[in-house]
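Chain by chain, the residues run as shown.
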Amino acid sequence: MKAMKYRNRRWLGVTLMAAALLVLAPVAEAAIDGITGTSFEFTAKEGYITTPDGGSIYCWGYSAQGTHSAHNDGRMQYPGPTLILNEGQTYTITLSNELPVPVSLIFPGLTVTAASGDVDGDITWEANAYDAGTEIAGTASYTFTADAPGTYLYHSGTNPKVQVEMGLLGVIVVRPATYDELDNRIAYNHADTAFGHEYLFLHTEMDPRVHQYYEFGMPTGMEWDNSDWWPVYWFFNGRAAPDDLLGSHVAWLPTQPYNLIPRAHPGDKVLMRVVGGGRESHPFHHHGDHALVIAMDGQLLDGDAGTPELDLAYQEFTMLVNPGQTMDAILDWTGEKMGWDIYGPPYYEVDQESGHICQDFFNNETGAIGSDGYADTEEQLCDPTSPTPCYPYEWCEDHGRAIPVLLPETQNLAFGAWWSGSPYLGSAGALPPGEGGLNPNSAYPFMWHSHKEKELTNNDIFPGGQLTMFFIEPHGVAID
Amino acid sequence: MKYSILMKTVTRSLALLALLVLIAAPASAHDVYLVAKEFTNAAGITMWGFAEDADSDLTTVGTEAPTSPGPVIRVPAGDTILNIHVRNDLAADDLSLFIPGQSKALAPVFVADAYGRDRVRSFDAVTTAAGGTNTYTWTGVKTGSYIYQSGTDVRTQIPMGLYGALIVDSAVGEAYADNPDTLFDETVRYDNDAILFFSEADPAVNNAVPPAQAGPNYQPQHFMINGASFPDLAAAPIFDHDPVAGETLLLRFFNIGLDDAMPMLNGLTMNVIAEDGNLLPAASLPSPPGQYSMLLAAGKTMDALVSPGEGRYAIFDRSLRLDSGPGTMDNGGQIVHLVVGPPPAKAAQVAYDVGATNGKGIDAVHVD
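Just so you know, the sequences run in chain order Y and P. Letter by letter, the first sequence follows residues 0 to 479 of numbering that gives the first Met the number 0. Letter by letter, the second sequence follows residues 0 to 367 of numbering that gives the first Met the number 0.
Chain Y on its own, in the form it takes in the complex (with noise of 0.2 angstroms):
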């Protein structure tokens, strides 16, 4: 009975402390952030984007005014506004040119049934140029039909080489028709790649050179040169670490609304949807398990649609992410064959009669009777909240293992913000004041990031850029 009074009273502690960072902190969402309707009113903008090393960078980008974001008050953002969209569905963009040059929209792998505008350019019809003198701006208008379910991208068609570069590019969903986010969250028309929480990774890269250049005036007749071109910063979903990590829509980042910080409880299907955003490839390397990468360019990598199997799905834990490409894959961390027990061994919980289970009577995929090395799933009556609880997932060949390390002597230990203080996951520990404090669940934090590692800066300042953490979150922490 001691025992669990102690057990509870540090639940409690980690609950307490939960509840107070998440009053604090904008909720982290696990759905993907973007806006949805039949049809979308965009502006191409001037604006400015923030980079956490203070640096302030000229832009262009798409808007969608007055549907998405409190804070962006009209502003151009960076990426475009994310479009969720229905697989059949018809759609048109209408696009307003505030720009000083001509712009477009093109769609790669979605079929555009129609396309005005004011003059029809090398790749599409495109808007011209905000002619300050009258205060007229270009118009263009695209219709097109989410074919299929997928991850796509959009972009300027017009002159891309600077445009993109500038940030007139932004990311399309398509979910299945049968797509439902209590019920059926499917991201393609096959029960493999059922997912529980979807995070996106758009990749870009700048060299703030080109973007001084096209902000003070070019020479006349003259784009940048091309083969001076060196990217210094690189984003996540607009933005460099550590400003990813921030909540979303936050007031002091207007044109940069997306954040991205993936989270998820072991066992949980993670859907990442990874795009190709700028002119680089980018090795994303999704640390903590492999990654089954089941569609590329918005089509399921299924041979034929008459087998069970996603034939052509491949594991890998770094995905080549290249200029222009989607890819999407689907991850499920369980920590198993990390030769120790996630949750503490029974000495850890000072009763060993009532430490947790590991109750292992049914395969969780197929629900089977019979073991398959994990702990059940909540349906299987694998109740992390039972005073006896069993976590689902967890790898039951090193239930009751402990870490096979000695920690040091906190005097002899360098901290890092999101360690809890336990190497335990959902106990935290004692820490030295002013240490910790951004792990709030004792989750398991995993860096994600570019492994080109010069990526991982902000104009030479590292850490940045291309950087997130992935949290797994003891079972009980509410995600979505």
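No wet-lab data here; the hints were simulated from the structure. By construction, the Cβ of each residue, glycine as well, lies at the ideal position given by its N, Cα and C atoms. Among the hints, a few may not be true.
Said to hold, decoys possible - Sample of chain P residues at the chain Y side, in silico, Cβ under 7 angstroms:
| id | residue |
| --- | --- |
| 1 | ASP54 |
| 2 | THR58 |
| 3 | GLY289 |
| 4 | TYR291 |
| 5 | ALA296 |
| 6 | ALA297 |
| 7 | LEU319 |
Stated by the list, open to error - According to the in silico footprint, chain P covers these stretches of chain Y (three or more CB under 8 angstroms from chain P):
| id | region |
| --- | --- |
| 8 | 113–123 |
| 9 | 153–160 |
Given chain Y's structure and the hints, the job is docking chain P onto it.
Positioned in the frame of chain Y, the structure of chain P alone reads:
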């Protein structure tokens, strides 16, 4: 035995029989006559290129106009031997002919460096400068899309432009034959094909006298498809014939540049079926996933199938190397258009003999 497998076995046996008949006949050779020359391209860059030899015997110095990439070499279906006869009209540089992906016994040329170590200067025997001639022979030629190039001092001679496309079909209108060792039918047939040869040039290398080697400061500024930068009208796919709606079009991508390219099709998706002249597993699947873009790494060839409807589709490098020189305004560089006409009326339908050559070993482009 399942009926389909039985039938496949029967077909295979018949094919084997046919093959034996072929083997009994002498293997036929395809002879190509090329000359290498220096020229200045439309952008004012010094290039080295190949031209088809005017009299097909290399004996006289003709008035051939070299291009880079050089002429498209198509080995007629059934020919298993390729002879490339070369005359080198470059002033001072020996060269050789080399085809990554096609087997040949090589005779590398070494030079001793300052420390007395042997360094490879040429992957194969050279054709000497200032009028030297040589013949390079490949036996057992393999089907697919390949790049032929100089194999000598490649850090100079590839940036200078000594390369071209080599196409070997398994039959007329058939890029790849079925592999009898696999269960699925992998035969790749097409009605029309388009050559998209990506290259680049750095004037600091090419315009140096003598030409420099591509080194750490290599910075290409001109990006080309089929030797020209948009909006030059020569920046266009090389079709067998003008595409019409409803055709199966085989896109043959080549990248001789030192950087990767990322061809993107606006408004179309393609099925990538081969890489480096090798069929990909997806080629045999009933419904392979499409792509609107692909990684075309430096030195690679990729083949993809599309069936476009009538329309005009831009194909451009999505790594956005859309430059025809430093700071050129608007779109340039690696962008071309695929213009697809209406389907022909029944009466006007023509039977194209895709893959035909001009009788001198060089690709014949139809003007029907």
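Outcome of the hint check:
Of the supplied interface hints, the one on ASP54/P is violated, with its beta-carbon coming no nearer than about 41 angstroms to a beta-carbon of chain Y, more than 7 angstroms. Here the hint on THR58/P is broken, as its CB sits about 43 angstroms from the closest CB of chain Y, past 7 angstroms. A distance limit of 7 angstroms between C-beta atoms decides the matter here; for GLY289/P the minimum to chain Y is near 5 angstroms, and the interface restraint holds. Because the smallest distance between the Cβ of TYR291/P and any Cβ of chain Y comes to about 4 angstroms, under 7 angstroms, the interface hint for this residue holds.
Checking ALA296/P against chain Y: minimum C-beta separation of about 10 angstroms lies over 7 angstroms; hint violated. The restraint placing ALA297/P at the interface with chain Y is violated, with a minimum CB-CB distance near 12 angstroms, outside the 7 angstroms limit. With a cut of 7 angstroms, the hint placing LEU319/P at the interface with chain Y holds, because the nearest CB-to-CB distance is about 4 angstroms. Interface restraint, the region 113–123 of chain Y with chain P: holds (3 residues with C-beta to C-beta distance below 8 angstroms; minimum three).
With 4 residues bearing a CB less than 8 angstroms from a CB of chain P, the region 153–160 of chain Y meets the requirement of three and the coverage assertion stands.
This entry does not satisfy hints 1, 2, 5, 6, going by the numbered hints stated previously.
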